[in-house]
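*Asks:* Listed in order, the protein sequences are those of chains A and B.
For the first sequence, the tail end lands on 215 under the UniProt record's numbering, and the numbers increase by one without skipping.
For the second sequence, the tail end lands on 215 under the UniProt record's numbering, and the numbers increase by one without skipping.
Check each hint, because a few of them may be wrong.
Using 25 Å as the maximum straight-line C-alpha spacing, the simulated DSS-like pairs for lysine-lysine come out as follows [stated by the list, open to error]:
(1) K194(A) <-> K28(A)
(2) K194(B) <-> K194(A)
(3) K194(A) <-> K28(B)
(4) K157(B) <-> K46(B)
(5) K157(A) <-> K46(A)
(6) K28(A) <-> K46(A)
(7) K66(A) <-> K46(A)
(8) K66(B) <-> K89(B)
(9) K28(A) <-> K28(B)
Simulated from the structure, these hints should not be mistaken for laboratory data.
Here is what each chain is made of, one letter per residue.
Protein chains: 2
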Amino acid sequence: MAQTLSRRGLLLILSSPSGAGKSTLARKLMAWDPSIRFSVSATTRKPRPGEEDGREYYFRSHDDFKTLIRTGDMLEHAEVFGNFYGSPKAPVEAAMLAGRDTLFDIDWQGGQQIRNSSLGRDVVSIFILPPSIAELESRLRGRAQDSDEIIAGRMAKSRDEISHWAEYDYVIINHDIDHSFNELTAILQAERLKRDRQPDLSDFVRNLNREFEAR
Amino acid sequence: MAQTLSRRGLLLILSSPSGAGKSTLARKLMAWDPSIRFSVSATTRKPRPGEEDGREYYFRSHDDFKTLIRTGDMLEHAEVFGNFYGSPKAPVEAAMLAGRDTLFDIDWQGGQQIRNSSLGRDVVSIFILPPSIAELESRLRGRAQDSDEIIAGRMAKSRDEISHWAEYDYVIINHDIDHSFNELTAILQAERLKRDRQPDLSDFVRNLNREFEAR
Numbered sequence: 001m002a003q004t005l006s007r008r009g010l011l012l013i014l015s016s017p018s019g020a021g022k023s024t025l026a027r028k029l030m031a032w033d034p035s036i037r038f039s040v041s042a043t044t045r046k047p048r049p050g051e052e053d054g055r056e057y058y059f060r061s062h063d064d065f066k067t068l069i070r071t072g073d074m075l076e077h078a079e080v081f082g083n084f085y086g087s088p089k090a091p092v093e094a095a096m097l098a099g100r101d102t103l104f105d106i107d108w109q110g111g112q113q114i115r116n117s118s119l120g121r122d123v124v125s126i127f128i129l130p131p132s133i134a135e136l137e138s139r140l141r142g143r144a145q146d147s148d149e150i151i152a153g154r155m156a157k158s159r160d161e162i163s164h165w166a167e168y169d170y171v172i173i174n175h176d177i178d179h180s181f182n183e184l185t186a187i188l189q190a191e192r193l194k195r196d197r198q199p200d201l202s203d204f205v206r207n208l209n210r211e212f213e214a215r
Numbered sequence: 001m002a003q004t005l006s007r008r009g010l011l012l013i014l015s016s017p018s019g020a021g022k023s024t025l026a027r028k029l030m031a032w033d034p035s036i037r038f039s040v041s042a043t044t045r046k047p048r049p050g051e052e053d054g055r056e057y058y059f060r061s062h063d064d065f066k067t068l069i070r071t072g073d074m075l076e077h078a079e080v081f082g083n084f085y086g087s088p089k090a091p092v093e094a095a096m097l098a099g100r101d102t103l104f105d106i107d108w109q110g111g112q113q114i115r116n117s118s119l120g121r122d123v124v125s126i127f128i129l130p131p132s133i134a135e136l137e138s139r140l141r142g143r144a145q146d147s148d149e150i151i152a153g154r155m156a157k158s159r160d161e162i163s164h165w166a167e168y169d170y171v172i173i174n175h176d177i178d179h180s181f182n183e184l185t186a187i188l189q190a191e192r193l194k195r196d197r198q199p200d201l202s203d204f205v206r207n208l209n210r211e212f213e214a215r
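Okay, chain A solo, but in the shape it has when bound (with noise of 0.2 Å):
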């Protein structure tokens, strides 16, 4: 059935630790229904060669990262190591508007400033869980040859990262990618699907009664 037009999109955060198959369950939503707005993250960091501003990022200097901080222009923020990253408030709110849904790849620190932020109410959030830990290491070794340093310090964020599952009001455990992907396009044609989501429904059932009347 198609969208009503007056629908305002949600929010759908999904944070798991590295490894997990987030990124992999974001790409196939979007794929899945293109209508759904990828939220990229702005940062101070410099681009990276093959790095497109407004693709992977949006690039920003610091000043003009404060500024967006100071007015107001970002859901949530955070600084690592000497960077800021944060995601934009404006497209969020012009896609809310179009009826269209914003999809965070992010952690529970954007998580949560979501949540508690003026659009905390059209938020739904969702945890990726690995099956096991040995499997997610497994994940985080098979990508790149990334030195025992580097793999440990990944493993520490992970177990940071996982500590606050239950911030979450969706928990899938990723045995299996498709199936994990089933159980996220069930999440969110749910919550399309809510009463309080649906507010052309007055008016549908309004003209329902009139057709009673006509009768």
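Given the structure of chain A, go ahead and fit chain B onto it with the hints provided.
*Replies:* Below, chain B alone, put in the same frame as chain A:
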């Protein structure tokens, strides 16, 4: 993924005006997941030819029924044309404890009573709307050769039922039965993935942490 054993089953309430497709959806859902238990109503009306005690209804005497109400053994009940109808509580509680969901095919009055019962926090309620009243009437007329008077009575009841759509968690407009069925299963899948409906997650994450520590 297998359901966790300690999960408490939920109470899935499906309501709609007669002719909107509710019974077809209920039947398909039971076939889709045979672990779902259909809540068979109790009634004081006499069995019709072909009806079996415990299948269509639990047939009870007026005295027995009144006792069940008095002892709090009815989750909801109503009197219609001198006969009682209601949902026995014990089999629902037994299913819940066994981690099985129970499906209720009941009207808004029953739904309201169950939502306000001691089991209310485990209720997920879904209202099925017809695409139009013309379509609803044609489905009602297509079913049987009923008199215009009987049809008129059903349509009045439908209008009353529809007026309660806003008391439900989810609303599905049944344009197409396959599409609506897909939406219904999405709702059930999503509800089962809610963090607070997965009591075994705490243990699961505790085991992940043990794995971290053992590295």
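*Asks:* Hint numbers the structure violates, sorted upward?
*Replies:* Hints 6 and 9 are the ones this structure does not satisfy, whereas the remaining hints hold.
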